[in-house]
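Visitor: Add chain B to chain A, keeping to what the hints say.
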Amino acid sequence: MLSLRSDPRLFELARRVEYFAREKFNMTLPEMRFFILDPMEFAALLEKNVYPTSPINIWEGKKIANKKHRIETGQESALYYEVVQTGNPSYAYLNETNSALTQASVMAHVAGHCEFSELNVLHDSDRDRTEYVMHLVRKVDLARRQMGERRYIDYWNACESALPFIAPNSQYNLENSIDQETTMAKGAIEPARTPERERPPLNLVSDTLNAILKFDEPRPFVEAEKQRDRHEALSRRGYSLRAPCQDILGFLRQYAPTSRAERAVLDYLYISHHHQDFVIRTQIMNEGWAMYWEKKIMMELFGEDAVRGAIDYAKVFSGVCYPRPFFQRNPYHLGYHMWLHIEELYREGKMSLAYHEETDLDAKREWKQPDQSDPQECMRHLVKTITDYEFLRRFLTPELVEKFHLNRLDQRTAQRLGVKNEDIVRADRQWVWLNPEPIPNEMLGFFAHYYRPRVYIIDTDYLDGGLLLMHRDDGRRLRADWIRPTLNNLNRIWKAPVYLLSKDKLYGASASGYKESTVAEVPFEAVVERLGKQQQPFKAA
Amino acid sequence: MDVDRITSDESEGFFNDFIEDQLNDLVEEIINEGELDRGDASGSDLIIEMNDIEPPTLVYGDGGGGGGGGPGSGEPGDEKGKLKFEVPFERFMELVADKLHLPDLTKEGKGRIKEVSYQFKTFGPVGVILDKKRTFKRALRTSIGTGVYRPEEGRHDVEIRRKDRRYKVPQREEHPKYNAVVFYMGDISYSTFGERLELEKRLLNFVHHWLDFNYGKNNVEHRFFVHDVEAYEVTPEQFYQVSNIGGTRASLVFDLVSNIALNEYNPATTNFYGFYVGDGELFGNDAKEIVEILKERLHPMFNRLALVEIQPSRMSCLNTEVAKAFSSDRVIRTCALKGKNEIIKVIKHMFEARHA
Numbered sequence: 417m418l419s420l421r422s423d424p425r426l427f428e429l430a431r432r433v434e435y436f437a438r439e440k441f442n443m444t445l446p447e448m449r450f451f452i453l454d455p456m457e458f459a460a461l462l463e464k465n466v467y468p469t470s471p472i473n474i475w476e477g478k479k480i481a482n483k484k485h486r487i488e489t490g491q492e493s494a495l496y497y498e499v500v501q502t503g504n505p506s507y508a509y510l511n512e513t514n515s516a517l518t519q520a521s522v523m524a525h526v527a528g529h530c531e532f533s534e535l536n537v538l539h540d541s542d543r544d545r546t547e548y549v550m551h552l553v554r555k556v557d558l559a560r561r562q563m564g565e566r567r568y569i570d571y572w573n574a575c576e577s578a579l580p581f582i583a584p585n586s587q588y589n590l591e592n593s594i595d596q597e598t599t600m601a602k603g604a605i606e607p608a609r610t611p612e613r614e615r616p617p618l619n620l621v622s623d624t625l626n627a628i629l630k631f632d633e634p635r636p637f638v639e640a641e642k643q644r645d646r647h648e649a650l651s652r653r654g655y656s657l658r659a660p661c662q663d664i665l666g667f668l669r670q671y672a673p674t675s676r677a678e679r680a681v682l683d684y685l686y687i688s689h690h691h692q693d694f695v696i697r698t699q700i701m702n703e704g705w706a707m708y709w710e711k712k713i714m715m716e717l718f719g720e721d722a723v724r725g726a727i728d729y730a731k732v733f734s735g736v737c738y739p740r741p742f743f744q745r746n747p748y749h750l751g752y753h754m755w756l757h758i759e760e761l762y763r764e765g766k767m768s769l770a771y772h773e774e775t776d777l778d779a780k781r782e783w784k785q786p787d788q789s790d791p792q793e794c795m796r797h798l799v800k801t802i803t804d805y806e807f808l809r810r811f812l813t814p815e816l817v818e819k820f821h822l823n824r825l826d827q828r829t830a831q832r833l834g835v836k837n838e839d840i841v842r843a844d845r846q847w848v849w850l851n852p853e854p855i856p857n858e859m860l861g862f863f864a865h866y867y868r869p870r871v872y873i874i875d876t877d878y879l880d881g882g883l884l885l886m887h888r889d890d891g892r893r894l895r896a897d898w899i900r901p902t903l904n905n906l907n908r909i910w911k912a913p914v915y916l917l918s919k920d921k922l923y924g925a926s927a928s929g930y931k932e933s934t935v936a937e938v939p940f941e942a943v944v945e946r947l948g949k950q951q952q953p954f955k956a957a
Numbered sequence: 402m403d404v405d406r407i408t409s410d411e412s413e414g415f416f417n418d419f420i421e422d423q424l425n426d427l428v429e430e431i432i433n434e435g436e437l438d439r440g441d442a443s444g445s446d447l448i449i450e451m452n453d454i455e456p457p458t459l460v461y462g463d464g465g466g467g468g469g470g471g472p473g474s475g476e477p478g479d480e481k482g483k484l485k486f487e488v489p490f491e492r493f494m495e496l497v498a499d500k501l502h503l504p505d506l507t508k509e510g511k512g513r514i515k516e517v518s519y520q521f522k523t524f525g526p527v528g529v530i531l532d533k534k535r536t537f538k539r540a541l542r543t544s545i546g547t548g549v550y551r552p553e554e555g556r557h558d559v560e561i562r563r564k565d566r567r568y569k570v571p572q573r574e575e576h577p578k579y580n581a582v583v584f585y586m587g588d589i590s591y592s593t594f595g596e597r598l599e600l601e602k603r604l605l606n607f608v609h610h611w612l613d614f615n616y617g618k619n620n621v622e623h624r625f626f627v628h629d630v631e632a633y634e635v636t637p638e639q640f641y642q643v644s645n646i647g648g649t650r651a652s653l654v655f656d657l658v659s660n661i662a663l664n665e666y667n668p669a670t671t672n673f674y675g676f677y678v679g680d681g682e683l684f685g686n687d688a689k690e691i692v693e694i695l696k697e698r699l700h701p702m703f704n705r706l707a708l709v710e711i712q713p714s715r716m717s718c719l720n721t722e723v724a725k726a727f728s729s730d731r732v733i734r735t736c737a738l739k740g741k742n743e744i745i746k747v748i749k750h751m752f753e754a755r756h757a
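Residue numbers (this note's numbering), protein chains in the order written: chain A, 417 to 957; chain B, 402 to 757.
There could be a bad hint or two in this list.
Derived DSS-like pairs (lysine-lysine); straight-line CA-CA distance at most 25 Å [claimed, not checked]:
(1) B:Lys602 - B:Lys500
(2) A:Lys819 - A:Lys711
(3) B:Lys739 - B:Lys725
(4) B:Lys483 - A:Lys484
(5) B:Lys538 - A:Lys484
(6) A:Lys819 - A:Lys766
(7) A:Lys911 - A:Lys555
(8) B:Lys696 - B:Lys741
(9) A:Lys780 - A:Lys800
(10) A:Lys484 - B:Lys522
(11) A:Lys484 - B:Lys485
(12) B:Lys500 - B:Lys522
(13) A:Lys921 - A:Lys955
(14) B:Lys739 - B:Lys749
(15) B:Lys564 - A:Lys484
(16) B:Lys618 - B:Lys749
(17) A:Lys819 - A:Lys784
(18) B:Lys534 - A:Lys484
(19) A:Lys800 - A:Lys711
(20) B:Lys522 - B:Lys533
(21) B:Lys500 - B:Lys746
(22) A:Lys731 - A:Lys711
(23) B:Lys500 - B:Lys741
(24) B:Lys689 - B:Lys500
(25) A:Lys919 - A:Lys949
(26) B:Lys564 - A:Lys731
(27) A:Lys484 - B:Lys533
(28) B:Lys739 - A:Lys484
(29) B:Lys569 - B:Lys534
(30) B:Lys739 - A:Lys731
Keep in mind the hints are simulated off the structure, nothing from the lab.
Just chain A, with the same shape it has in the complex (with noise of 0.2 Å):
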């Protein structure tokens, strides 16, 4: 690993490209560091999350191993575009083996993720993030030892079966789910307050009175009693659940008994690995951002003759930016594309109020009353204010879809895919072209399950201490075989039985064995609404 001061002409381009993002552009951008990696450590950094260490683990020596074969019998290039791991100072690697041309343009890229993490709403960026990931690594180091070679193996795999649950930015996560002695969930539904009874006539202090007259309005000490009751189990355990949970790690690693250095693992984990719940949110938003002003500054270096071969780059950019159908979508060229089709919106005022008032469609259609405000000044108020989901929402039009060929996809594939004639709206020898119209909410769809199923922890206390997890429902079944080893392997972290609620069937891992039976299905919003009155969110018949 080379600074890039190593290489002067690198140096050089790499302060042209800040003025220019800083300077020309008024980016704004933490402390940006680069440095020359040869093909081997690119591949090594990409498996270890683009932090430049890691713990020793046998699920990187697996990736590891194979992408070397990949690479070796030439199934793979070890050539990568560009890795930047943003924060405050953000670190981003260049391929040794790339030209002068592409490494610039790999830095003004950067520069665009660098900035997007910066004013996101999600508040991605945070100082020293690699460091103190370095810093965690040291500690896993020290716990391994700590731990003996075989008990460290075995509670990092148990960690890895909950390592795909991380959603520190979902709707249900820590913040949202979990109220602490001194903090209260902010997203907890309040308990719904049965309306005001008509008073009786008389104000009876009678209790056997009320009972003969079947008076059942709750009595004052009785719902006192209950706020006691969970004020004491909030500051016997230190937190309740006010909701379901999504942040499965996030919890496990705040609240599941651990040794110092089985927290170590955890916090490494999970720390090393929440960065990507925010890549998965905004990726086609980050990576139009960054190929929009990857653009802008190269544009720059060409015209200063700062690098040349402006063919070559167009070339590359094109190769970046092709099209693919919706589901295979490619969020360079959707994101860069959207960007620029909101840069037009705001140039020509097409985001005002007027223009949306605007009843007369040949007006709408040749509209063009720019306002004073600055067009890339809205573009980042949107990046400071929304998420890809409410992205496309909001500008993914069935117009646009066409325009963008997501609607397209090639004849063998539409023939792989059985693709029916009645969806085909146009065809030629080449391609099809399907109906546009359902294509954004198609979309959308993404974003409520990112392809992955939906876990919530539902009780901490299910069946004195057990830990309730619920699948939620969305027509598709768990892989069987892998629930037990899962469950078993939450039981060694949470080190209490811990249950999985799937559909009609009840999982249960703990110390005395595995079980499973069926129960009655529960919705999970019938779950979200008892755990907001504190009751209990499900009972095994």
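Guide: The following block gives chain B in isolation, referenced to the frame of chain A:
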């Protein structure tokens, strides 16, 4: 940042250790099942499949898991849900030898000298000798990808970039400079088919591999002989195919082998091995004649000579006679192979070190 080089070597080593353990378990399983003839007679690398390792988690039943691969002692490959390895034949035999506690064979002849050669077996992005064919293939692939090569438009340019270049990387290889000759002798007068034939094949296949492994594949000559009332040399393929019903005289084959060993090889530079398989049912003075040949001609010359009675009957007498003359001998070994589960025992007995 105080990192000189970003590397996953430690994790990779960790994974390789795991695979090594798995491989050991697999070899143990192979040994327990007596399936030591996994490789073919050519001694090529073995392809071993094991279930992929993947951390279990909650995924959809119709789309989770699988994939991946990694190296153990050999080359990894990809197949959904499977780890596929090419284990070099030598490595496999090493593991087997280790498990069976088989000693290194005593190699006599030209001493401990090894032949060193360099073979171009691997290809890398750096080096001295450019592999033009591989380089061109990569360049062509890239040119098609980047659109430089478009025959349909009459553009036949191929752009060779630095990263397309593939160089031949020499690999040092050491071969032991020993020679060995192995005489396989089989009795075709008895009904050699079905389980008997299977046992014979398994046993001799292992012997074949084991000696190839110890001396180097190209340094061992394997010769096959059969007998009924006559003895003659056959090809390896014929060895398991020819059969005859009728009388038998085994001493003839020992006589033939001793003549060939003496006349065709230099005893000073050659290691001799002999393996006789048959039902051990001999008539007249046949067994005694064999003992004589062994004592006078073969014992002084051979490193190891094993006589194996395959599924012997009450009539089998060869081993009884030979054992009387060579009990606890360093060279001559007698064994009886009754079933598949005894193959390991027989192999151990045939090759175990025993001091005279």
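Visitor: Now look at each hint and say whether the structure bears it out.
Guide: Okay, the hints, checked on the actual structure:
1. Distance hint between B:Lys602 and B:Lys500 is fulfilled; the C-alpha atoms sit about 21 Å from each other, no more than 25 Å.
2. Restraint check for A:Lys819 and A:Lys711: the C-alpha separation of about 21 Å stays at or below 25 Å, so the hint holds.
3. Proximity of B:Lys739 to B:Lys725 is assessed by CA-CA distance (about 21 Å); at most 25 Å being required, the pair is judged to hold.
4. The suggested pairing of B:Lys483 with A:Lys484 holds, with an alpha-carbon distance near 18 Å, which does not exceed 25 Å.
5. The suggested pairing of B:Lys538 with A:Lys484 holds, with an alpha-carbon distance near 20 Å, which does not exceed 25 Å.
6. Note on A:Lys819 and A:Lys766: the hinted pairing holds, with a Cα-Cα distance of about 18 Å set against a maximum of 25 Å.
7. Proximity of A:Lys911 to A:Lys555 is assessed by CA-CA distance (about 22 Å); at most 25 Å being required, the pair is judged to hold.
8. In summary, the hint linking B:Lys696 to B:Lys741 is not supported, as the alpha carbons are separated by about 31 Å, beyond the 25 Å threshold.
9. With a C-alpha separation of about 28 Å, the suggested pairing of A:Lys780 with A:Lys800 is violated against the 25 Å cut-off.
10. The suggested pairing of A:Lys484 with B:Lys522 holds, with an alpha-carbon distance near 17 Å, which does not exceed 25 Å.
11. For the suggested pair A:Lys484 and B:Lys485, the alpha carbons sit about 15 Å apart, so the restraint of at most 25 Å is met.
12. Annotation: proposed proximity of B:Lys500 to B:Lys522 is violated, straight-line Cα distance about 30 Å (limit 25 Å).
13. For the hint pairing A:Lys921 with A:Lys955, the CA-to-CA distance comes to about 13 Å; that is within 25 Å, so the pair holds.
14. Using a Cα cut-off of 25 Å, the hinted pair B:Lys739 and B:Lys749 holds, with the two alpha carbons roughly 15 Å apart.
15. Proposed proximity of B:Lys564 and A:Lys484 is supported: the alpha carbons are some 16 Å apart, at most 25 Å.
16. Pair hint B:Lys618 plus B:Lys749 holds up; C-alpha atoms about 22 Å apart against a cutoff of 25 Å.
17. Between A:Lys819 and A:Lys784, the direct Cα distance comes to roughly 21 Å. Compliance with the 25 Å bound is thereby established for this hinted pair.
18. A C-alpha spacing of about 22 Å is found between B:Lys534 and A:Lys484, which places the hinted pair at or below 25 Å, so the restraint holds.
19. Taking the CA atoms of A:Lys800 and A:Lys711, the gap is about 21 Å. The hint holds against a cut of 25 Å.
20. At most 25 Å may separate the alpha-carbon atoms for a hinted pair to count; B:Lys522 and B:Lys533 meet this at roughly 15 Å.
21. Only pairs whose Cα atoms come within 25 Å are accepted, and B:Lys500 paired with B:Lys746 is accepted, the gap being roughly 12 Å.
22. Under the criterion of a C-alpha separation no larger than 25 Å, the hint pairing A:Lys731 with A:Lys711 is consistent with the structure, at around 13 Å.
23. At roughly 18 Å between alpha-carbon atoms, B:Lys500 and B:Lys741 fall within 25 Å of each other, so this suggested pair holds.
24. Distance check on the hinted pair: B:Lys689 and B:Lys500 sit about 37 Å apart at the alpha-carbon level, beyond 25 Å; violated.
25. Restraint check: the Cα-Cα separation between A:Lys919 and A:Lys949 comes to about 23 Å, which is no more than 25 Å; the hinted pair holds.
26. Restraint check for B:Lys564 and A:Lys731: satisfied, since their Cα atoms lie roughly 18 Å apart, inside the 25 Å limit.
27. Distance check on the hinted pair: A:Lys484 and B:Lys533 sit about 23 Å apart at the alpha-carbon level, within 25 Å; holds.
28. For the given pair, B:Lys739 sits about 47 Å from A:Lys484 by alpha-carbon distance, which is inconsistent with the 25 Å threshold.
29. For the hint linking B:Lys569 to B:Lys534, the alpha-carbon distance of about 11 Å falls within 25 Å, and the restraint holds.
30. Distance check on the hinted pair: B:Lys739 and A:Lys731 sit about 72 Å apart at the alpha-carbon level, beyond 25 Å; violated.
Comparing the model with each numbered hint stated earlier shows that hints 8, 9, 12, 24, 28, 30 do not hold.
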